[in-house]
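Build out the structure end to end from the sequences listed, making use of the hints.
Going down the list, the protein sequences come from chains A and B. Basically the working numbering = 1-based index in the first sequence + 33. Basically the working numbering = 1-based index in the second sequence + 33.
Please keep in mind that the hints were generated in silico from the structure rather than gathered at the bench.
Each computed DMTMM-like pair below joins lysine to aspartate or glutamate, with the alpha-carbon atoms no more than 25 angstroms apart:
#: 1; chain 1: A; residue 1: Lys351; chain 2: B; residue 2: Asp120
#: 2; chain 1: A; residue 1: Lys318; chain 2: B; residue 2: Glu124
#: 3; chain 1: A; residue 1: Lys162; chain 2: A; residue 2: Asp152
#: 4; chain 1: A; residue 1: Lys61; chain 2: B; residue 2: Glu89
There are 2 protein chains.
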Amino acid sequence: MDLIVMKFGGTSVADAERIRRAARRAIKAKLDGQKVVMVVSAMGKTTDHLIALAGEISSDPPRRELDMLLTTGEQVSISLMAMAINDAGHEAISLTGGQIGLITDAVHSKARIQEIQADRIRKELDNGKIVIVAGFQGIDSTGEITTLGRGASDTTAVALAAVLGAKLCEIYTDVDGVYTTDPRMEPKARKIARISYDEMLELASLGAGVMHSRAIEFGKKYNVNIHVRSSFSDTEGTLITHEVEQMEHIVVSGAAVKKDLVQFVLVGLPNEPGVAAELFAHVAKHNVVVDDIIQTIDEKGAASTSFTVERGDLAEGKLVLQEIAKQFNATRVVCNDPVAKVSVVGVGMRSHTGVAQKMFSALAEAEVNIIAITTSEIKISCIIDPGDAVKALQAIHAAFDLDKEA
Amino acid sequence: MDLIVMKFGGTSVADAERIRRAARRAIKAKLDGQKVVMVVSAMGKTTDHLIALAGEISSDPPRRELDMLLTTGEQVSISLMAMAINDAGHEAISLTGGQIGLITDAVHSKARIQEIQADRIRKELDNGKIVIVAGFQGIDSTGEITTLGRGASDTTAVALAAVLGAKLCEIYTDVDGVYTTDPRMEPKARKIARISYDEMLELASLGAGVMHSRAIEFGKKYNVNIHVRSSFSDTEGTLITHEVEQMEHIVVSGAAVKKDLVQFVLVGLPNEPGVAAELFAHVAKHNVVVDDIIQTIDEKGAASTSFTVERGDLAEGKLVLQEIAKQFNATRVVCNDPVAKVSVVGVGMRSHTGVAQKMFSALAEAEVNIIAITTSEIKISCIIDPGDAVKALQAIHAAFDLDKEA
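As structure tokens, then:
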């Protein structure tokens, strides 16, 4: 019997009617002869509401207590979903992160999955039940409640699909798939039918908000096909899967802009082995998530290192910067706040030349100044002024013909 | 070092300001040199709101899922309380029912405490922390989330006080103590300074909504002094404690009315050993909570048995009634819906005569018809028409001089 994991985001369970709609999808899959695991996020704006409530009490609540608070959101959704399925005459059971044995490390608010003891889920599936799992949450080895970070219900879903050997993981959301870029910024954006994990990873980390990066990493690592689709229609969405040959014909699959970044620059660091390692040990110690790292050598032979972080980590980023500057006697420290990053992504880039040149030309024609450049095998990113973000994106989108059917 | 348990009801934690006020009380007790355990209910109308949410999904949600849903209310409160104490510069930790090892049986929505493995609480107290426990909830031996019934955060508090050997359990609520009767029904009602567990038990089970009956039972059994007081002032409330000699001088301590009851009457049951036992085995099987049982013999020597239940159990009560009537060939079955019960309570009753006569006279003068009578050692109750409830209560309150200082 095939097993399917269906994940429903906050907008897909925002009220009783939407919960019933999601329940009907699960029941249909069950009646089609599949074992069904649902992963559910908190209803609508619940998480934001809870964070606001915490904000009324404390400007800097302990992360352990924030996890204790936020995990209630998913617990509410899963119980209501179980009630909806039950009310429709089918058997269901809701389970918290702790109850499914989703064990994480002890880093509250950004915990990483260490293990899923899926025995309980298997037992309930074997009993013919639809199993409804609370996304986003787990427990550490001592039983403390942890969360995996905002948007990490996707990660829960794909990790479960991997552990349970599911054929497919469906991500139901409020958009009908992955687009060549954010349609709110570029109305000519087009839905992508298939995309590789690597491209999707780049797009996700570049601010294409459709899916959580770690979820895609899990999908890639454990070979889980991920179908991102709308919970409000039956239209096919975007399949995230292994690279297939035809994908290579497309040079660039998508473009993205990420705003609300801060760039830290350290000038005059010693240019010797181990400096970068020490530097990012400080970063890791403070649990700051680094977006991009760029290092170059200046005319005196000293190293100049810059890294970008999300503005939410600004305060801790500055702490890190001070520690590093002090330890290595940096000659100058710069904090560019805010900056934006515009990028193009495509596995086809590997076998095509001139992609970078085309991007820089498009930006030049749009009169966008490039503060910094960083590239990977399948991505080119430019750090720019946030005020230039939209025109930069539109220029690139047009330059790579992303508005035209591939 | 003395240990105190402080329980805060829903109205006492209804918003950020009230949570901070409760936090200050706990911090003050800590600074006075006591170890402090707080037990917290869900904020304000949260539980009602969650029940309404479930009602939008299903008219008859599985009790397991209802427990999964409702326990989130207390989890929100405890995390916010921990944040408030932390924000005031003191150490606190919130713990769920599962995390403190509050083990119950598996009867969802009406679970009973079987054991509290208080090691975790003791460890955190020894580390100098204020421990904040989610009231109302536990887990069964398989890790399923259970609840102890509406209002059962009191029970959690007193049970913890018992297990931890606390000197005192303070119940902070929106009233400033226990009154001779409900002041909304009889404006002349007076606050009682001290009351015995037995009297309080009777009053609680009679609908004096101040405290949960099982909490008082635990208090009596394990010798926990319970101080019911207002969270909005420093006025002394009511101390619920062991009977002391002076209490005997007061014949009647309080009066109460309980509405929303249903009386079931079974006429013509066999008058032989074991019938009542069999009868209430049916009742227990359906987890219906029986209020009062009255049995008499009719002129033909057959047994006539009546019992009252809360209207919430009406549907299941009727099921039970049908089972019983069928098994024993009852000649007649009556369902009086709704009825009310008016009662007087007092340990002094034991050593005074004429209490019943005085009550019945007061009701007769107020022209209240008595449908049924039932008494205990320290209580007299009359089943009456709900329309007569207020005037019956006022007549009794005056007849026993409850408005006058003892």
